[in-house]
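Participant: Each chain, written out:
There are 2 protein chains.
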Amino acid sequence: MNQESQDIIVQPDPLREFATTLYQKAGVSVEHAELMAELQVETDLRNVHSHGTRMLAWYVRSMLSGEMNAKPEIRVVQEAPGIAVIDGDNGLGHPPSALAMKMAIEKAKSAGIGAAGVRNAGHFGAAACYSMMAAEEKMIGFATTNTGGPSVGAPGAAAAVIANNPLSYALPAGEERPIVLDMACGASSWGKVRTLQMYGKPIPPGWLLTADGVPTEDPDEGRILTPAAGPRGYGLGLTMGILAGPLVGGLMACHKHQGEPSEHFFIAINVSSFTDFAAYADEIDRGIRAIHATKAAEGVDQVYLPGEIEWLKREAWVNDGIPLHVDHLRELASVAGELGVEICWEW
Amino acid sequence: MNQESQDIIVQPDPLREFATTLYQKAGVSVEHAELMAELQVETDLRNVHSHGTRMLAWYVRSMLSGEMNAKPEIRVVQEAPGIAVIDGDNGLGHPPSALAMKMAIEKAKSAGIGAAGVRNAGHFGAAACYSMMAAEEKMIGFATTNTGGPSVGAPGAAAAVIANNPLSYALPAGEERPIVLDMACGASSWGKVRTLQMYGKPIPPGWLLTADGVPTEDPDEGRILTPAAGPRGYGLGLTMGILAGPLVGGLMACHKHQGEPSEHFFIAINVSSFTDFAAYADEIDRGIRAIHATKAAEGVDQVYLPGEIEWLKREAWVNDGIPLHVDHLRELASVAGELGVEICWEW
Chain A
1 MNQESQDIIV QPDPLREFAT TLYQKAGVSV EHAELMAELQ VETDLRNVHS
51 HGTRMLAWYV RSMLSGEMNA KPEIRVVQEA PGIAVIDGDN GLGHPPSALA
101 MKMAIEKAKS AGIGAAGVRN AGHFGAAACY SMMAAEEKMI GFATTNTGGP
151 SVGAPGAAAA VIANNPLSYA LPAGEERPIV LDMACGASSW GKVRTLQMYG
201 KPIPPGWLLT ADGVPTEDPD EGRILTPAAG PRGYGLGLTM GILAGPLVGG
251 LMACHKHQGE PSEHFFIAIN VSSFTDFAAY ADEIDRGIRA IHATKAAEGV
301 DQVYLPGEIE WLKREAWVND GIPLHVDHLR ELASVAGELG VEICWEW
Chain B
1001 MNQESQDIIV QPDPLREFAT TLYQKAGVSV EHAELMAELQ VETDLRNVHS
1051 HGTRMLAWYV RSMLSGEMNA KPEIRVVQEA PGIAVIDGDN GLGHPPSALA
1101 MKMAIEKAKS AGIGAAGVRN AGHFGAAACY SMMAAEEKMI GFATTNTGGP
1151 SVGAPGAAAA VIANNPLSYA LPAGEERPIV LDMACGASSW GKVRTLQMYG
1201 KPIPPGWLLT ADGVPTEDPD EGRILTPAAG PRGYGLGLTM GILAGPLVGG
1251 LMACHKHQGE PSEHFFIAIN VSSFTDFAAY ADEIDRGIRA IHATKAAEGV
1301 DQVYLPGEIE WLKREAWVND GIPLHVDHLR ELASVAGELG VEICWEW
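Line by line, the protein sequences give chains A and B.
Position 275 of the first sequence, counting from 1, maps to 275 under the working numbering, and the rest follow consecutively.
Position 245 of the second sequence, counting from 1, maps to 1245 under the working numbering, and the rest follow consecutively.
Quick caveat, the hints were computed from the structure, so don't treat them as lab data.
C-beta atoms are modelled at their ideal positions from N, C-alpha and C, and glycine is treated no differently.
Please note that the accuracy of each hint is not assured.
Stated by the list, open to error - Below, simulated DSSO-like cross-link-like pairs (lysine-lysine); rule was C-alpha separation at most 27 Å, straight line: (1) A:K295 / B:K1192; (2) A:K192 / B:K1192; (3) B:K1313 / B:K1192; (4) A:K71 / A:K102; (5) B:K1102 / A:K109; (6) A:K109 / B:K1295; (7) A:K109 / B:K1138.
Unchecked claim - Some chain B residues well away from chain A (every beta-carbon gap over 10 Å; in silico): (8) R1061; (9) S1062; (10) R1075; (11) V1076; (12) W1190; (13) D1212; (14) L1236; (15) E1283; (16) E1298; (17) D1320; (18) C1344.
Model the full structure from these sequences, guided by the hints.
Facilitator: What follows is the structure in structure tokens.
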């Protein structure tokens, strides 16, 4: 069965309204419901379906069951001229994360750099949502988070020791699109392994280890994900789990369990505190054009910048609608049914 | 011929004095000469010979030829409460880089986070020298630099587009040693490729591409280094070259040529502005011990933390002396002979 044939086109505006309504039905304030819908639909528009509205049903059910706090009292618990720490009161991760990046941006306006951490909150979705907030303000943004307990190994380990933590940098340009890196520190993810397995496709070598730390391409034998580029991904994943972890009052991955609240960490670097923004932006534009003009390998149409393919998807889908998998929509329809909300697409 | 048999043991104290004298003979101030010797011998002690005193002869000759400024006027050209930009006046990279990290640390004491960039300076040696300065002050340190013109490809490219830029994080612990990540963004380096070629050893698959962007394991056919973990190393290398580049008034790799002055970039994050340092340090210590206790794969003695093997080398070599390759020492002896300085080892 072709994967595309399982997609249904959904328009972003109605999807945003639908998501806002569902969050409100789960007890979330209008302000937070609109923010959640905005960030999740933006993530879908960038073709990062794993981190967009696909997560909505899970979040809503966590609030309905009382596992997650629908009406958190978000508080700034530490503050200095360049930094802040925010307690998310066991609520959704996106609202305190957006506040943290806003505070980092404000602080960077006067200090030149600002950072903010969040503790005791849910997942924050895609890291790029927050780094891009800084790029919109002509700043370089950085965002990271931890993904809970250990799932990725260390070089030489026969057990997982770090989480598959992502990190994102967004770098503003002038006339060109911002450069947006959003990567995990593992060689892959369990989600990708299970998807390949479901479609009967081979698992690329180097992704998985058995419980004895022996490389395997058999998804049933695989117990440990490898870190991307060995010691590099291990070191980065460990570091991200300390920034979004003990630095803001949380735990390291090896002491965490799935389902516990998460920590997040953000930096904003104000370009114009360092140099003339126009000169910076001209140089970035020139660099982007030079990379576009680079000779491509055989069979490759052109060389892209990090995040560029996501920008191109967004530019197309904001008009044409977002293709969403029927399983993704079935899950949304199920939670909508429970809450008496009408769906915004036709089957 | 065994590689170890080509090593001669040199004691760190006399090596430091020797290096200090050589820099002074090249016209460098006592203060900068001592700093250079200190950082380069520390780098040798950590078994990072590629970035320690091995570079001394090249730096000294660059100053003697007038290509590099031996008596730079190091100036702070931009400043805000959390940041600074320093112009290195085309001198050695280490002195303005150490000043930049010191300024970042000072700013982080009051602002919670500090950053500083350096432009118009030479190479800065090993990135970990600077990130570790922050860890000594109970801060999380970050350091990056650019390595000049393009040498590493992008996914799908048949030409190099980014430099093989390193990045380092140093994270303080309590009773345990700081965690020190120091990595390049390429899958390997030309230095390693040439060393393997010299010893007649195979080049690991995935490191090299031909001029047409086709993977090769033949070092004579290889023209492009691949980025570590494909899009991850590409994105990180590109980002590091913008932080240590256009952000501080420099150029992107695709507009640079080898031998031009470099840019450097540093961040210090003051842990105690975010959380109680003792609680942070306890959690890091607990995490380090949990990782040490992790089951190791067959044939592996134990799982190490990033930078730990370098700490163990340092702890042994600070007493036993540093094994340095005869070619490394011949080069030092040659420049010492030209400047009338006695060597501090026996052949």
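Participant: Now tell me, hint by hint, if it's right for this structure.
Facilitator: Results of checking the hints against the structure:
Of the supplied pair hints, the one linking K295 of chain A and K1192 of chain B holds, its CA atoms being roughly 26 Å apart against a limit of 27 Å. Note on K192 of chain A and K1192 of chain B: the hinted pairing is violated, with a Cα-Cα distance of about 33 Å set against a maximum of 27 Å. Restraint check: the Cα-Cα separation between K1313 of chain B and K1192 of chain B comes to about 20 Å, which is no more than 27 Å; the hinted pair holds. At roughly 20 Å between alpha-carbon atoms, K71 of chain A and K102 of chain A fall within 27 Å of each other, so this suggested pair holds.
Between K1102 of chain B and K109 of chain A, the direct Cα distance comes to roughly 22 Å. Compliance with the 27 Å bound is thereby established for this hinted pair. Only pairs whose Cα atoms come within 27 Å are accepted, and K109 of chain A paired with K1295 of chain B is rejected, the gap being roughly 47 Å. Straight-line distance between C-alpha atoms of K109 of chain A and K1138 of chain B comes to about 26 Å, which keeps the hinted pair within the 27 Å bound. Distance check on R1061 of chain B: its Cβ is at least 31 Å (rounded) from any Cβ of chain A, clearing the 10 Å threshold; non-interface status holds.
Under the 10 Å C-beta cut-off, the non-interface status given to S1062 of chain B relative to chain A holds; the minimum distance is some 26 Å. Once the 10 Å rule is applied to beta carbons, R1075 of chain B is consistent with being away from chain A; the minimum gap is 15 Å. Look at V1076 of chain B: its CB is around 12 Å from the nearest CB on chain A, clear of 10 Å, so calling it non-interface holds up. Listed as a non-interface residue, W1190 of chain B keeps its Cβ farther than 10 Å from every Cβ of chain A; the least gap is roughly 17 Å.
Look at D1212 of chain B: its CB is around 7 Å from the nearest CB on chain A, not clear of 10 Å, so calling it non-interface is violated. The beta carbon of L1236 of chain B sits about 7 Å from the closest Cβ of chain A, which is not more than 10 Å, so the claim that it is off the interface is violated. With 10 Å as the threshold on Cβ separation, the claim that E1283 of chain B sits away from chain A is violated: the shortest Cβ distance comes to roughly 4 Å. Listed as outside the interface, E1298 of chain B is inconsistent with that label: its C-beta sits roughly 7 Å from the nearest C-beta of chain A, within the 10 Å cut-off.
Here D1320 of chain B stays apart from chain A, with its beta-carbon at least about 25 Å from theirs, past the 10 Å limit. Every CB of chain A lies more than 10 Å from the CB of C1344 of chain B, the least distance being 33 Å, so the non-interface label holds.
When held up to the earlier numbered hints, the structure conflicts with 2, 6, 13, 14, 15, 16 and fits the remainder.
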